[in-house]
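Q: So the protein sequences, as listed, match chains A and B.
Numbering-wise (my numbering), the first sequence opens with residue 1 and increments by one.
Numbering-wise (my numbering), the second sequence opens with residue 1001 and increments by one.
You may find that some hints are simply not true.
[As the list claims (entries may be wrong)] Computed cross-link-like contacts, EDC-like style, restricted to lysine to aspartate or glutamate with a CA-CA straight-line distance of at most 20 Å:
#, chain 1, residue 1, chain 2, residue 2
1, A, K166, A, D308
2, A, K109, A, D75
3, A, K166, A, E84
4, A, K2, B, D1293
5, A, K270, A, E292
6, B, K1143, B, E1020
7, A, K109, B, D1151
8, A, K2, B, E1271
9, A, K270, A, E280
10, B, K1143, B, E1111
11, A, K2, B, D1205
12, B, K1143, B, D1068
[To be verified] Some chain B residues flagged as far from chain A (calculated, every beta-carbon gap over 10 Å):
#, residue
13, D1035
14, G1043
15, L1063
16, S1073
17, A1105
18, R1149
19, W1169
20, V1207
21, V1219
22, A1295
23, A1304
24, Q1309
25, H1322
26, T1329
27, R1334
28, I1336
These are computed hints drawn from the structure, not numbers from a lab.
A virtual CB, placed ideally from N, CA and C, is assigned to each residue, including glycine.
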Amino acid sequence: MKFIDEFRDRELARGLAAAIRQAAQPQRDYHFMEFCGGHTHAIARYGVSDLLPANVRMIHGPGCPVCVLPIGRIDMAIRLAMDEGVILCSYGDPLRVPASGGLSLLRAKAALGGSGEIRMIYSGADALCLAQQNPQRQVVFFAIGFETTTPPTAVVIRQARALGLKNFSVLCCHVLTPAAIASILESPEVRQWGSVRLDGFIGPAHVSTIIGSRPYEFFAAEYRKPVVIAGFEPLDVMQAVLMLIAQVNAGRAVVENEFARAVTREGNRKAQQLVAEVFELRRSFAWRGLGELPYSALRIRREFADFDAERRFPISYEAVPDHPACECGAVLRGARRPQDCRIFGSVCTPENPVGSCMVSSEGACAAHYSFGRFADAAVAP
Amino acid sequence: MSRLRRAYGRALDLRHGRIEMMHGSGGRAMAQLIDELFTSRLGNPQSGQGNDAAVLPAAPGRLVVSTDSHVVSPLFFPGGDIGCLSVNGTINDVAVMGATPLYLAAGFILEEGFPLADLARIVDSMARAATAAGVPVVTGDTKVVQRGRGDGVYITTTGVGVVADGEDWSGDRARPGDRIIVSGGIGEHGMAIMAQRESIGFAADIVSDTAALHGLIAVMRASGADIHVLRDPTRGGVATTLNEIARQSGVGMMLQESALPLQPQVAAACEFLGLDPLYVANEGKLLAIVAGDDADRLLAAMQAHPLGQRAALIGGVHDDPHGFVQMSTSFGGRRIVDWLSGDQLPRIC
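If we strip away everything but chain A, and leave its shape as in the complex, we get (with noise of 0.2 Å):
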């Protein structure tokens, strides 16, 4: 596949992986956060970690749109199906996330008596679609993810507008990948106790695309971290390691750009634009793992409100503790390790998921326990 293939090279690998032993300092050694479920997923599906040195150890960031939704998000969703009859319609990941009374969207799915009923789309013009063949039902679409999946929200809200539609709104939960970072970078395992060690990130691929590479400076002038922005590919990651071990070693804490195909400075200014004609800051959001973090997320902006399900429906969130074993929060600051928590593989599984970092396939539990967990039991052929 042209575009793809060249990035999941064997030979470039190996030589990548030779240039990075090389570079790595066999006395000191490195601890990267790559933010992104995107870098997990390929750093697990490749076995990108087989071809690092034992000093380069990876963190796995809380860049995964669906583990970091609160359960009280997901109840909203499906309060909206089961009272409010509505058609919920939403990306196929969060579907199997756990909510609050061993529901989740697709269980409830399954259980829905009333008119109510929960579907699975591809993107918000799907749902868009959904509310002008059926206008005599109210079409909620289930708006998630980082700035990513933000500005293709931001367009059906104003074609809905356009269209003068009377039966569509969306639940906006869309975060902000900076208010993220820093959360990370503030936390007290970071800043006070050290007991998590980041020595750089590796910064988002397609999250960069629309926001550029500018929103990253602050994080390595303010706290000293090496970020190189990287794409998807297992290349990318590995050359993206090679670049923030040159850093480190050099004493450096500058934002670099490995990925120049697609990310530029500025970011894309229209999608820019266009979020903010649509979109305002949130005072506040909960995020799965990190807590209430001030403006971190965005809520639809006033002039807009009639495509606000959170005003047009009568619900609120609700906070909703996380099960007590489960140690998303702490996997998701880069505290803990998907095996190191007690419930790993055993009663939490991408079966029966306690935790939302065990759902999608970005997640680091979920990642862990569907490529990598051949490494915890030591067999080899």
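Following the hints, complete the assembly by docking chain B onto the known chain A.
A: Leaving out everything else, chain B in the frame of chain A:
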């Protein structure tokens, strides 16, 4: 037959007619539907007997019986439809046990309002598949459910075959040192369905691989290779089927990603939707686990058959108390190829 048809007054309207509740009520309308739409197409001596069951000559050996329900949506897809799928799928389930498939039975659950023209197309397709495979449909049943209580048509087929004594292909017989062969490109059926369902334009040339495999299997048997396990990787794909076998046999497996036969358009569609072709359904492929020394001989025999041209050695079996199926990635790393958990869901980013 012509005398009977006159008794119904008017022939079924196969252009504009639809299934009505009376077609399942046991009366004259049902008899007419069975005569004109089913028996006339699937026609054979047994189903023409008009009795409650088919009476058939017994064959020597042990009986192999398998049943499979088909609920595919859409009913018609590139490369096939629910009709030929229901014939081929059940023939394959019987044949992978090493058996010669002999007879099929078919049960139809029809939804009120379903167009008779579509039903005729489906039954024609079944007839063609059964004739091509040389395995007749000898008895059947139809029921009608109210509109909104079904998806047009569901078809359950049951297959009967015979297997010679001493032929023991079974999922618990994989042994360390065995090799794993797949008979051709993976994921084609599942991606053909998904491309149609989700209207993915660039994937329009992906065609379902639905096919009856007993001809290929006969060639494999004739090669004299010591085959331990044969299975068709349908739902859950190659990954799930290999995990089933690894668990049944208490062994581990190691696949080579670079050896997996995969059409570029299937790879592209999977990439686009964030799916893994190892978990996508096949309907005309089989996995063979064969004694290591016989692997090359079996592979050569398979590649000489039209349905096995792209057969490939994809890995081996080893000792592993955990029963892990692993893969050495093209990239140079290693990972687990786990059971499919839940449905494969497209990823958002």
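Q: For the pair we were handed, K2/A and D1205/B, check the Cα-Cα distance against 20 Å.
A: holds, 18 Å
Q: Would you check whether the claim that R1149/B is not at the interface survives, using Cβ distances to chain A and the 10 Å cut-off?
A: holds, 16 Å
Q: Beyond 10 Å from every Cβ of chain A: is that where the Cβ of L1063/B lies?
A: holds, 35 Å
Q: Check the non-interface label on A1295/B: least C-beta distance to chain A beyond 10 Å or not.
A: holds, 16 Å
Q: When you look at the beta carbon of A1304/B, is every beta carbon of chain A farther off than 10 Å?
A: holds, 30 Å
Q: Please verify that the nearest CB of chain A lies beyond 10 Å from R1334/B's CB.
A: violated, 5 Å
Q: Can we trust that V1207/B is non-interface, i.e. its beta-carbon lies farther than 10 Å from all of chain A?
A: holds, 19 Å
Q: Report holds if the minimum CB distance from A1105/B to chain A is greater than 10 Å, and violated otherwise.
A: Correct as stated: the minimum Cβ-Cβ distance to chain A is 31 Å, above 10 Å.
Q: Examine each Cβ of chain A, and state whether all of them lie more than 10 Å from the Cβ of T1329/B.
A: The claim breaks: T1329/B does not keep its Cβ more than 10 Å from every Cβ of chain A (closest is about 5 Å).
Q: Verify the proposed pairing of K2/A with D1293/B, using a straight-line Cα cut of 20 Å.
A: Judged against 20 Å, a Cα distance of about 38 Å means the pair is violated.
Q: Run the C-beta distances from W1169/B to all of chain A and say if the shortest one exceeds 10 Å.
A: holds, 24 Å
Q: Holds or violated: K1143/B and E1020/B, Cα atoms, limit 20 Å.
A: holds, 11 Å
Consistency with the previously given hints fails for numbers 4, 5, 25, 26, 27 and 28, ordered from lowest to highest.
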